[in-house]
Amino acid sequence: MLRPIDLAREHGLSAQAIRNYDDAGILPPTERSQTGYRRYTPLHAQALRAFLALRGGHGHQQAMGIMRATNCGDTESAYRLIDAAHVALLAERDNRTEVATALGALSTTTPTAVHGRPLTVGELARRLGVHPATLRAWEAQGILHPERDRATGYREYGPDCVRDAEIARQLRQGGYPLSQVAQFIDSLRKTGGTDALTALLESWQDRLTTRSRNLLAGSAQLDTYFAMLDQT
0 MLRPIDLARE HGLSAQAIRN YDDAGILPPT ERSQTGYRRY TPLHAQALRA
50 FLALRGGHGH QQAMGIMRAT NCGDTESAYR LIDAAHVALL AERDNRTEVA
100 TALGALSTTT PTAVHGRPLT VGELARRLGV HPATLRAWEA QGILHPERDR
150 ATGYREYGPD CVRDAEIARQ LRQGGYPLSQ VAQFIDSLRK TGGTDALTAL
200 LESWQDRLTT RSRNLLAGSA QLDTYFAMLD QT
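Per numbering that gives the first Met the number 0, the sequence shown starts with residue 0, numbered consecutively.
Treat the hints with caution; some may be incorrect.
What the hints assert, rightly or not - Now the in silico label distances, taken between C-beta atoms and shown as ranges:
1) 73 <-> 40: 19 to 25 Å
2) 231 <-> 97: 27 to 33 Å
3) 58 <-> 28: 21 to 27 Å
These aren't lab readings, by the way, just hints derived from the structure by calculation.
Ideal placement from N, C-alpha and C gives every residue a C-beta, glycine not left out.
Could you put together the complete structure from these sequences and hints?
Here is the structure:
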C-alpha cells in the first residue's frame, strides 16, 4: 500500500495535492485504513501518471474529465473527449497551413488586389465573412488603419487595409489574441519583410508539434492505466 506522499514524491507534488486529485475523482476509488488513512496502490499511481500526462496535451479540465469518465467506467465518454482534442488539433494544423499559404503569398509591394474604389466596412466584412463590428474592433486595436471619405466620413479600406484584414482573420482563426495579431501586423509593416512571418509560423508549428507529442504521451500513460484496470 502507498501513502499520499509516496505518490506525490514521484512528481514533486504535495500530499495535499494527491488528496485533492482523489476527491476530484481523478484517481479510482480509494480504500481507507481503520484509522481513516487513505490507502493507495500501484493502480492509483498509474492513474496519477495518466492524468498528469493527459494534462500536458488536453489541459487540466479536459484531463480531469477523461479520468473521471474512465474511473466511472464510462470509457465511451473518455474516448470522445480524446477524439475531440485530436480533431481540434487537426483543424488548427490545417488552419496553420492555410495561414502559411495565404501569408506566404503576401508582398509589401503587391498587397491583396482590390479592384476599383476602396471597400466600405460592409463590403470588407462580407469579403472576410466577419461582422462589421469585428473590423471596428480590429481598428481600435491598431490592426487596421482605414482612410475616411472626406465628404461622408465613412471608412474606406484600400489594398493595404484589405491585406491586413485578411492576415488578421487568418491569425484569429488560428487562436491568436488581438494583441498578438496587432504586434505581428505592426512588425510586418515596419520590417517590410518576412522575418516576422517566418518567426510566427515557426512558433505556431512548434506549438502544434509540442501538443501532438503531449497528446501521444498522455494516451500512452492512459493506455497503461486501461490495461491495469482490465486486470483488476
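Tested hints:
1. Residue 73 and residue 40 have their C-beta atoms about 22 Å apart, which keeps the hinted 19 to 25 Å range intact.
2. Against the hinted window of 27 to 33 Å, the Cβ-Cβ separation of residue 231 and residue 97 comes to about 46 Å, which falls outside the hint.
3. Here the CB-CB span from residue 58 to residue 28 is close to 25 Å, well matched to the stated 21 to 27 Å.
Going through the hint list in order, the structure does not satisfy hint 2, though it satisfies all others.
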